[in-house]
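Can you make the complete structure from the sequences, with help from the hints?
There are 4 protein chains.
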Amino acid sequence: MNYQTIIEEVSKEIKLTKDEGVVASYIDELKKINPEKFGVHLVTTNNAHFFYGDSNEKFSLQSIAKVFSFAYAYRIFGEKIWSRVGVEPSGTSFNSLLQLEHDAGIPRNPFINAGAIVICDILVSHLKDPKNELLDFVKGLSDCKDIDYCDKTALSEKQTGYRNAALINLMKAFGNIENDIELVLDFYFDLCSIKMSCKELSETFLFFANQGKHPRTDAEILTLSQAKRINAIMQTCGFYDEAGEFSYKVGLPGKSGVGGGIVALHPNKYSIAVWSPRLNKKGNSYRGIQFLELFTTKTEMSIF
Amino acid sequence: MNYQTIIEEVSKEIKLTKDEGVVASYIDELKKINPEKFGVHLVTTNNAHFFYGDSNEKFSLQSIAKVFSFAYAYRIFGEKIWSRVGVEPSGTSFNSLLQLEHDAGIPRNPFINAGAIVICDILVSHLKDPKNELLDFVKGLSDCKDIDYCDKTALSEKQTGYRNAALINLMKAFGNIENDIELVLDFYFDLCSIKMSCKELSETFLFFANQGKHPRTDAEILTLSQAKRINAIMQTCGFYDEAGEFSYKVGLPGKSGVGGGIVALHPNKYSIAVWSPRLNKKGNSYRGIQFLELFTTKTEMSIF
Amino acid sequence: MNYQTIIEEVSKEIKLTKDEGVVASYIDELKKINPEKFGVHLVTTNNAHFFYGDSNEKFSLQSIAKVFSFAYAYRIFGEKIWSRVGVEPSGTSFNSLLQLEHDAGIPRNPFINAGAIVICDILVSHLKDPKNELLDFVKGLSDCKDIDYCDKTALSEKQTGYRNAALINLMKAFGNIENDIELVLDFYFDLCSIKMSCKELSETFLFFANQGKHPRTDAEILTLSQAKRINAIMQTCGFYDEAGEFSYKVGLPGKSGVGGGIVALHPNKYSIAVWSPRLNKKGNSYRGIQFLELFTTKTEMSIF
Amino acid sequence: MNYQTIIEEVSKEIKLTKDEGVVASYIDELKKINPEKFGVHLVTTNNAHFFYGDSNEKFSLQSIAKVFSFAYAYRIFGEKIWSRVGVEPSGTSFNSLLQLEHDAGIPRNPFINAGAIVICDILVSHLKDPKNELLDFVKGLSDCKDIDYCDKTALSEKQTGYRNAALINLMKAFGNIENDIELVLDFYFDLCSIKMSCKELSETFLFFANQGKHPRTDAEILTLSQAKRINAIMQTCGFYDEAGEFSYKVGLPGKSGVGGGIVALHPNKYSIAVWSPRLNKKGNSYRGIQFLELFTTKTEMSIF
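Protein chains in written order, with this note's numbering: chain A, 1 to 304; chain B, 1 to 304; chain C, 1 to 304; chain D, 1 to 304.
Hints were generated in silico from the structure; no laboratory data involved. Among the hints, a few may not be true.
It does not matter which identical chain is used: a pair holds within one copy or between any two.
In silico DSSO-like cross-links for lysine-lysine, where the CA-CA straight-line distance does not exceed 30 Å [what the hints assert, rightly or not]:
| id | residue 1 | residue 2 |
| --- | --- | --- |
| 1 | 32 | 269 |
| 2 | 18 | 80 |
| 3 | 131 | 158 |
| 4 | 298 | 80 |
| 5 | 282 | 145 |
Printed below as a string of structure tokens:
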């Protein structure tokens with residue numbers, strides 16, 4: 001499969017069309033990004049690399065980082081994690097608080113905000129130094145070592161994070177948060193502030209496509225079953241209330257973030273990261289989804 | 001892969017455990033089924049067959065039949081079908097009416113009741129003889145010709161179908177139903193009453209695993225893209241509000257019905273049908289899900 | 001208190017301002033009303049009459065008639081009626097179906113559509129000839145005998161009443177409707193079609209202000225306690241999701257209908273009916289509410 | 001009317017029946033109250049006093065105090081207060097967060113928690129020393145000067161007030177909270193901690209029954225219209241999702257608190273306070289409501 005040619009063709013085709021998305025503006029750190037940025041990086045389980053555009057420029061992972069925190073917590077706690085969070089798609093966002101109320105403070109899945117906050121709470125309960133230990137875990141997923149939090153972004157998030165504060169307080173009222181609210185939110189905002197380039201992002205997600213094993217050393221990060229299960233959750237819950245449409249159009253497990261990044265993977269084949277800052281109405285990268293739809297159409301390869 | 005051995009092993013293992021499900025009792029036709037029935041049939045794209053138990057006994061498809069009506073409507077109308085129905089998972093069932101209200105009468109996806117009713121309305125609008133034309137379409141999917149509606153089941157459903165009548169009336173109030181309500185509901189209840197054996201069910205679904213082509217004649221029933229897309233919708237929406245858990249545990253696209261049947265498929269490999277009448281709390285076959293979870297674990301094969 | 005002077009002053013004052021309401025247009029019978037119609041009639045418990053404008057022209061009572069059906073059912077069944085319907089305000093209309101779902105098919109109060117339908121079901125169960133018996137009850141409330149249903153209006157309602165059909169089917173699914181759906185809806189649409197003039201309406205409601213007794217004959221129609229209790233329900237539930245605002249601005253128990261009528265009453269003093277067809281966004285007569293607010297301000301009399 | 005005799009008769013009658021309520025236990029300060037306490041105090045606009053039982057013992061006002069903060073804010077800001085809070089009953093509590101979401105952070109009325117928090121925010125914005133100024137306002141309503149906050153109760157509330165924190169954060173996300181969240185919640189918890197006896201409570205509420213004027217000095221605290229309007233809001237919104245039932249059974253405007261107190265008033269006649277700590281399922285004093293129902297039945301006097 002000539003990935004490079006297809007990546008270039010699709011990228012150029014997309015750039016001819018109008019980008020109808022809008023850059024996330026609720027915090028300065030996201031608002032000031034050049035909206036014309038566009039990068040792609042694909043890495044195969046055989047370590048072949050294909051890329052285009054601004055693929056080496058770092059951007060804010062935002063919700064994509066929730067997959068890291070979940071993978072780490074799942075590795076440590078296994079199936080008992082499901083007493084604190086569910087595994088079902090969330091339905092439309094307008095009733096997220098109704099949902100929490102109905103389900104007595106148990107979030108629908110670990111990739112919506114409420115769920116990721118619960119995962120942070122679990123890690124805060126069990127790790128001595130959550131912030132550094134999580135970062136070490138992420139660095140250990142690939143050979144990318146130059147990965148870090150962005151304090152400015154985390155601070156901005158914190159200052160406007162009232163809706164997240166509402167979620168965590170409601171869950172605390174139901175007894176599903178063990179630690180001090182400030183402590184958990186701090187860790188959560190740090191988590192979302194991690195920055196990576198498309199290259200780094202595709203490389204750190206490659207182990208999900210590699211049966212849970214480190215792509216270079218073959219060391220087991222997650223069991224085969226665990227890796228498959230996280231892929232399944234990405235498939236059903238990775239794109240807020242656009243998960244069904246992404247699955248329908250693209251046909252790969254993946255995760256997006258309001259920083260404009262999307263990562264997706266084809267089990268046993270490759271991991272791919274796309275970055276384009278303007279978001280569609282559901283909060284996913286407009287061109288990122290467009291790119292991946294055309295890419296899987298042209299490669300005629302999806303998990304379905 | 002020795003499918004036959006694994007099917008037998010898993011079936012026997014399951015029969016040693018307690019079946020904690022309960023048979024659907026809202027209509028006589030379902031209530032009077034022997035709850036101990038258990039059948040499995042797997043057919044590969046190479047026409048190899050593996051089976052166990054009551055795999056030749058017909059049962060009521062119920063919601064499984066919604067995949068047929070949708071596939072038929074999608075083949076005829078293509079992407080313009082999405083102006084009438086969505087493609088997102090439905091979230092929890094407790095707010096299905098709130099959802100319809102919020103989305104102005106557009107159901108979340110074609111596999112929840114409201115969505116399947118809209119698909120029936122579309123077919124009623126465009127077919128001369130919907131009941132017979134749909135049956136011909138289903139018969140044409142494989143070499144199974146002895147397939148029919150069950151009038152008694154359809155009649156029972158109709159007599160107690162007040163919740164479905166509530167759904168269709170609400171959608172009609174929003175202008176998303178074109179035809180006479182009675183006419184559409186009649187067709188819908190007929191659809192759900194179709195009976196098949198595990199053998200027939202796995203055979204008629206095999207084209208979804210065969211790139212949209214008839215498994216024996218290679219005639220195109222759906223395009224490759226269409227077949228993949230329906231598989232994607234089954235993956236995210238095939239099991240009511242247990243879709244995430246099925247995806248997580250089993251890792252295959254599939255569809256269940258309250259008659260106790262489940263059909264699932266591995267693209268380019270096989271289609272498999274299981275039947276066991278007792279249902280779990282979410283309305284899916286208790287042993288059917290148990291079987292498929294163990295089956296994909298032992299075969300170590302899923303789409304993820 | 002010089003009611004006549006105040007009625008005339010307020011009426012003239014209102015006619016100088018813009019009527020920002022819109023006539024109900026979902027059925028022909030309402031749509032074709034002259035929107036400039038405006039009538040007022042006040043009758044005291046001492047049988048003094050004051051009126052203005054089109055106070056002798058009949059209009060469609062619509063939801064106002066729900067007070068008659070409830071009063072009749074309450075007189076017959078007393079407090080046991082509360083096993084079928086609640087007595088609480090309904091909150092916003094957007095979640096009426098969610099409410100029914102949450103409360104297992106028990107409507108919040110007898111004056112929302114779902115509640116009035118349940119009351120019709122109760123009457124259909126217990127009366128030989130509900131339509132005529134109810135009409136006789138209404139005629140017996142005062143000396144107005146020229147009161148009747150409007151078949152054309154009832155028919156129009158029926159042909160577009162999909163939302164009401166959704167409500168009754170949902171309640172039937174929960175077991176809160178005993179009779180055939182068609183039969184109950186027919187009676188419900190007849191009920192809403194009753195026509196009266198402001199004069200007739202104020203006279204038939206006067207017994208609520210007269211301790212439950214017929215204003216001319218002093219015969220007990222309801223006990224004092226029953227009359228007070230229906231007044232209390234009108235106060236909290238009489239104006240859809242504008243009940244609080246009406247109570248706040250006007251300070252009297254009352255009931256409105258989409259035909260543009262409003263009836264209100266001051267216990268032991270008077271009953272007053274206003275009619276002006278254009279409705280505000282909550283479905284209540286724009287000028288009717290405006291009139292009553294000014295009227296109770298100028299008279300400096302309300303129940304608070 | 002012999003109030004004293006009726007108060008004593010009803011009190012004794014009630015004490016013979018089983019108190020099926022349960023004392024509020026979410027904070028120590030409420031949990032440790034003797035559940036057998038029972039007090040009543042009625043004061044007329046003519047300064048006649050009638051009482052029974054523990055009518056001079058102070059208890060925690062809790063939500064009753066929300067009427068004071070609202071009255072004070074309403075006096076200062078008049079009708080423009082309605083841009084920040086609504087005037088409609090809240091429907092059932094299970095969807096309070098859905099409601100806030102639907103109404104973009106505007107609470108339904110000033111007596112539900114969210115609404116009272118917004119009123120606190122308004123007072124914090126406009127007063128130099130909200131805590132003392134409010135207390136002075138309350139002391140000025142009658143001749144009761146020995147009224148104060150209870151620091152221990154306020155602190156306990158604060159430590160477990162996660163649901164209130166969820167509400168205020170959600171409203172802040174919608175832009176309906178101007179001040180620092182901690183500051184507003186502190187004031188809110190102080191407000192709810194005010195302690196009074198039945199005697200003090202009935203005396204401070206008497207001006208609502210006295211056309212807005214101080215009962216001894218006749219000084220205007222609120223205009224007649226303002227007093228009537230607050231009475232109307234108490235009538236429709238004073239008892240959480242039991243407002244309709246209270247209105248139906250008792251027929252007076254009033255307000256309850258989880259400390260077991262209820263205050264009610266008959267315009268131009270009297271104000272009455274009852275205290276009995278055990279609460280019914282809706283969070284209102286079990287015996288308090290029972291008492292008032294029998295009291296208004298025996299006096300045959302209600303606003304309806």
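Checklist entry - Can you tell me if residue 298 and residue 80 fall within 30 Å by alpha carbon in one copy, between copies, both or neither? => result between (41 Å within a copy, 22 Å between copies)
Checklist entry - How would you classify residue 282 and residue 145 at a CA-CA limit of 30 Å: within, between, both, or neither? => result For residue 282 and residue 145, neither the intra-copy (32 Å) nor the inter-copy (45 Å) Cα distance is at most 30 Å.
Checklist entry - Is it within a copy, between copies, both, or neither that the alpha carbon of residue 32 lies no farther than 30 Å from that of residue 269? => result neither (35 Å within a copy, 49 Å between copies)
Checklist entry - Can you tell me if residue 131 and residue 158 fall within 30 Å by alpha carbon in one copy, between copies, both or neither? => result both (16 Å within a copy, 29 Å between copies)
Next on the checklist: One pair to classify: residue 18 and residue 80, alpha carbons no more than 30 Å apart. Within, between, both, or neither?
Outcome noted: between (46 Å within a copy, 22 Å between copies)
In summary, the structure is inconsistent with hints 1, 5 from the numbered list given earlier, while agreeing with the others.
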